[in-house]
Each structure stands twice: as structure tokens, then as C-alpha cells.
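Peer 1: As they're listed, the protein sequences go chains A and B. To convert, take the position in the first sequence, counting from 1, and add 25; that gives the working numbering. To convert, take the position in the second sequence, counting from 1, and add 25; that gives the working numbering.
A portion of the hints provided could be inaccurate.
To be verified - To give an idea of the interface, some chain B residues facing chain A are shown, with a C-beta separation under 7 Å as derived from the structure:
1) L30
2) G52
3) Y53
4) T54
5) V55
6) S150
7) D151
8) L159
9) G162
10) R190
11) D194
12) P330
13) T346
14) W350
Derived from the structure by calculation, the hints contain no laboratory data. Heads up, the beta-carbon is just placed ideally off N, CA and C, and yes, glycines get one too.
Number of protein chains: 2
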Amino acid sequence: MSPLLSISRRTRRTPFTDRVTAAGVTGYTVYNHMLLPTVFKSITEDYRHLKSAVQVWDVSCERQVEIRGPQAAELVQMLTPRDLSEMRIGQCRYIPIVDETGGMLNDPVAVKLDEDRYWVSIADSDLLFWVKALALGFRMAVDVFEPDVSPLAIQGPLADELAARVFGDEVRKIRFFDFRTFTFNGAELAVARSGYSKQGGFEVYVEGGRHGEPLWDALFEAGRDLDVRAGCPNLIERIEAGLLSYGSDMTRANTPHECGLGRFCDTRLAIGCVGRDALLRVAREGPLKQIRYLEIEGDPVPSCPEPWAVTVEGEPAGQITSAAWSPDFEANLAIGMIVRDWWDQGTKVLVHTPAGPRTARIREKPWL
Amino acid sequence: MSPLLSISRRTRRTPFTDRVTAAGVTGYTVYNHMLLPTVFKSITEDYRHLKSAVQVWDVSCERQVEIRGPQAAELVQMLTPRDLSEMRIGQCRYIPIVDETGGMLNDPVAVKLDEDRYWVSIADSDLLFWVKALALGFRMAVDVFEPDVSPLAIQGPLADELAARVFGDEVRKIRFFDFRTFTFNGAELAVARSGYSKQGGFEVYVEGGRHGEPLWDALFEAGRDLDVRAGCPNLIERIEAGLLSYGSDMTRANTPHECGLGRFCDTRLAIGCVGRDALLRVAREGPLKQIRYLEIEGDPVPSCPEPWAVTVEGEPAGQITSAAWSPDFEANLAIGMIVRDWWDQGTKVLVHTPAGPRTARIREKPWL
């Protein structure tokens, strides 16, 4: 049985919380000290709708770390092993961020607003503290703060149609991980083609909480015949899509290479980011374990609130950190960290679920 | 109606979660990415029991930032405006931590384990990121990490009796905010006289998750005739006691002086902590608003999930951030930030609650 969530100012409400409540949210998590919906009707019903229509998601908890000033670009590059020298205004980049030993601190999306102004749209850790202290320690000419920006996602196969009705047809031309600015309610809002699903869609960076409810209402008004509904990142769909969750599938203990994010680490690492020395070592030796996808045999397993051990012939072979029954694939799909000896496609392993040990097979790629 | 909390690896379980579940927890919050119980029977029933017997609290979410190495003391002093030059091994100190502009980042308790080894027992923000980045930026000879330490609190008027039965009578001699080390289950555990209530008691720093359930079980076995129960920080009692909640009653926007923590800021500030320059300015001018306690007239008000405006004759006079009906004081008690013109004892203000505007009176001290 799920317990109730006690809400206080500390578990911050968002500009959309009243609308989300009216739409019948039934489950929440707390993400960056803020409410993030997890369920409306049921995870399965939300899933079917997400994959067939269009949803509006309150992802305000993707808080922004704004970095502004003459050394903004220099500081952003110091934060990540990904080479950002070619990044242009109007682009977004997924940037793993590591500490000095190469341990993952966050896996945010950087948004280049101007030559001297960035947002870093964060996963669930107080990256603001890391960036502020680095700026202080290295005496950089930047201002670092959390602006009043609350992303609202439009996700699903009908997302382009819905967004075009509200922002105009120009929105269809936005390329993946680019953003363009649109006027809504008298405000200039950045709209990016991005989101935490593989169903397509946008994230609107709602700058100024007062624009939240008007935008929400405009989307629902415009999308009535599209069966637009309130939704949220969906556990089943994000596992099908192989989208990792920082804090669940990876933690500070993991390197980007273990997370399958080695391709975002510039092999020359000439860029002098924090963690460079450790990551050069890691890149040379390769990881000893890595994120893999698994199909677990048998009846539906429960979700995975704490890691499940994976073994092969009684020996430790890794752990599962996310799992769900997929109606579309008619199988239990899972994400886990698997040791090198057993991580090849098709390898048979044993997963120790609360429903008992189950046979599972390794996949190198996700399902979507 | 409270929504359900969705639990994942990201909302970390604790060494005590199975025991807490068996004890009938009904409400949780998420604190430092970890489960923190908020309700067992009801907030009022839990409150009456806390004030009359003894409870065991899973406060594992008070995570530790361990700072170890030749420059550990130097770094801890850099973190806080409180003068720690007289702090001895075996002592705990409440240390406000601010950024370079004097904004509160956390209000943890520092625990001095050795001359070159400290724990910082944190409120709800990733202080680890701040400390690690400062250590990196200022190139300090320290190791900074989150150890496997999960505090378990013993709180209530019978706490001394219960703790003595498990740890021996020596535990009674521990002075407020001191700690001593006791052997339990073959491990050396630090036991401090501290806790987030005014009912008296201890916090046991359970180092090594495997000692969690044996300690929990030993406390319940030893305390059967004391009516020991599982409990948690109680909203009503902590407001009566005037205990602030970081993230609710104070945020990064506030200085220590606004939070009534000016007495922890060394007026000379010769110690060169982060934020020194800003706090010297603040100390000279005094805060424009400050934490106050209020009694709100009329029927019980609901709890305060987002700030309630406070006005005087239609003018903004501050905000309420925590509120609860107190059965013992037969009144609505509240904590808020009140502007200088209206913060004197006895001043009448108007609080805009969801149940309508209510008259309230300012208090300079809490109730317990």
C-alpha cells in the first residue's frame, strides 16, 4: 500500500498545482523539493493515453540553474565532460555533470539562451549548490541563481498538433533539442523539442509563474477534440524508452561510462572540466559495469522501490533499479547496472524480485 | 485530500523502513531524497503520545556530510558564521550555513568526532554539493562524502529511561548537544542529547545500516512497559517548540538574522567564513523582517502547504509558513516571517488563511 504524502512549503507547489489537482492527480513524488505528479488514473491507463493522444505535464520540478555573466560559457564547460564549443544560441544539450572523481552529480539539459546566459535544467539534486560554490571557489564573473521558470511539457503523438494550435505552425519546425521563442500571454517563452518520453513533443519553459494557468487553460481549450489530458512522466513508457532516472538508475557512485553516457564525454577531454583526470582514467580502462535493459520472465512484477540483486550461478552480476510490466510488449521490462562478464545481449541472469527469483535476459538497447 | 506518495529508489528507503512500515506509518514526506515519516495514527494522537511517553523516530534523512583530513576544521569553520574555535571533540553545534550573500543554505548540526573528522548532520538540501565544490575550489586537503550513517531519535519524557535500559545509565549523563560513544551490537555508536522536539531525548548516529533493525528491536523490547511507539517529528509539537523547518520557515532568500539566528553569527566575523562580508552588512543594519510566532484566532485552521499572506490595515506585513491547531494551548499556533513595523509582542495582524482572514497576535517567543 502506498502511504500518503504530507505536503508543506518545503515540498514546493508549482504554478500548475491547482490545475493538476483539479485534473485528478492521485500520486506524487518529490523532485528537487517540489511536487511532481506520478499518477492520474492509473500508471497503465496514463500510459495508453500518452502513447495514443497528447498530455500536458507539470514538470516544474525541472528547476533551472541560471548562469549569467562574462564567464558563463566557461563555467558551463567546466561543469561537464561534453564538448560544448560548437553549441549555439537556441540549442539544448544533455550534459552529464560529475564531481572531481567522475561520479555523476546530475544529468541535466543545458539551454543556451545567449552568449553569456544559460539555463541548466536539472534532474533531482541541488546542482545550484555545486555551481554556486564552484563559481565562488574559482572566482568566476557570473551570477548563479534559480529563476522563476517552470517547465510544462506537451507529450504524445498529437503534441505537434496541439502545440501548433497554441503557438502557431512555426512550432512544428523546431528540431530535436532546439528551442525557439514564442509570444504567449504577452510573455516570450522558450519552447524546446524535448521531453522525458519517446512519444515526441515539447517543453515550454514558463518564465513567470503567472503565465502558468493561462497556458495550461489554453492547451486544454485548444486540445479538447484531441483528448488532451493531464499526465506526467510515465514509469512504463520511460523504461520502454530507456530513459534513465538520476537517483534511481544512476547515483553519485556511478561514472558516465557506467551509465552508458561515455559518448557524451569528449575523449580528448582537453576542455579541462571538473573530473577530467578521473574520466581519462575511466575512458582508458572502460567501465566494469554498465546500464543494461532486461526482460524479466513470468507474471507482472511490482515496481522497484529499492535495488533488486542480479546473480549468475550464485555470483553477483549487478542490480535492477527500475521495473514495470509493459502491456505493449507483454513483458516485465527493467533497467539495471550489470557487470561486464554478463552484460552481452541475450545473456541469461537471475533477478531476485520480491515475487521470488526470476530468469531475465539482457538487452543492449531499450524497446522504443 | 492527501495524494499518495510513489516510492522509488530515488526516494531512498532507510535501514528502518521495514520496521516503520510494520509499525503502521500512514504519511511520509521526502527529505534529502529519503523517506521521512510524518504520521502514524494521526498528528494529534502522535502528539499526545510524544508529550507523555517515548517514541523512536526514523530520522535517517538527517544525512551526514563527513569532512575528514588535515584541513577539516578549517573547512567547517569556512562553512559557518558561528565561531567554532572552542568546539571540542564530543560536542555538537547548530551551525547556520550561508552562501556568499548571506542566504541560508542549510541549518545543520556539526558533530566533532575527532580533531580532523566532522559530521555535518543536514537539513533538507544537498549540502554535500556545496562542501565538495568549496573543497575543490579552495583546494583543501579534505575528503568529503556521505557516510553510511542513519540517525535514530529517541524522544519524549521517558527517553532517558528507555535509552538507559539499552545503552546503560551513562547515557543519562550526556549533556545537551554533547555526544558519547556506546557499544551496541558490536559497533561503536555516537549517542547525542539532541533531537527535533522539546520533549528531551537522544539521537543515535547509527553507523552501518546493519545495526538499524537490531537497535530498533532492542528499544521496543526494552520499552514495552513505557508504551514506546514509532513516531516522527510532530508538526504541532515542533511549532509549540518554535523549531524551524529549513525549506518551510526559511529558505535561501533569508539571512540568519531574519531567521532569528543572529546569535549564532559571530559579530566580529573575524573567522573569514563564506558570506562574511554580506553578514557584516546585515548585522550592522539589522533585518527588515524576522521569524515570529503567532496565535491565530478562531476554529482550527488547516496546515500551511504554501505561505499565507499577513497584512495590517491592508498593507503587506509578512507571511505564515507553518501552522497547526494545538490541543494543549487550545489555539492555532503559527510561525512566520513578519516585517519590522509589526513584529513586536502583542501586535495584531490579519492572516489570510484558506478558511478566510483571521486575526492573529504576534509573540516573540514560542510556546514551549
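Peer 1: Each hint: holds or not?
Peer 2: Consistency of the hints with the structure:
At about 4 Å, the closest approach between the beta carbon of B:L30 and any beta carbon in chain A falls short of 7 Å, and the interface hint on this residue holds. The restraint placing B:G52 at the interface with chain A holds, with a minimum CB-CB distance near 5 Å, inside the 7 Å limit. For B:Y53, the suggested interface contact is upheld, since its CB lies about 5 Å from the closest CB of chain A, less than 7 Å. Given the 7 Å rule on beta carbons, the hint for B:T54 holds: about 5 Å separates it from the nearest Cβ of chain A.
Because the closest C-beta pair between B:V55 and chain A is about 4 Å apart, less than 7 Å, the hint holds. For B:S150, the interface hint holds, the least distance from its beta-carbon to any beta-carbon of chain A being 5 Å, beneath 7 Å. Below 7 Å, beta-carbon pairs count as interface contacts, and B:D151 has one with chain A at about 4 Å; its hint therefore holds. Look at B:L159: its Cβ gets to within about 5 Å of chain A, closer than 7 Å, so that hint holds up.
Hint status for B:G162: holds, given a least beta-carbon distance of 1 Å to chain A, under 7 Å. Because the closest C-beta pair between B:R190 and chain A is about 30 Å apart, greater than 7 Å, the hint is violated. The criterion of a C-beta within 7 Å of any C-beta in chain A is not met by B:D194, whose closest approach is roughly 37 Å, and the hint is violated. For B:P330, the shortest C-beta to C-beta distance to chain A is roughly 5 Å, which falls under 7 Å, so the interface hint holds.
Nearest Cβ of chain A to the Cβ of B:T346: about 5 Å, under the 7 Å cut. The hint holds. For B:W350, the interface hint is violated, since its Cβ never comes within 7 Å of a Cβ in chain A; the closest pair sits about 16 Å apart.
Violated hints, listed in ascending order, are 10, 11, 14; each of the other numbered hints is respected by the structure.
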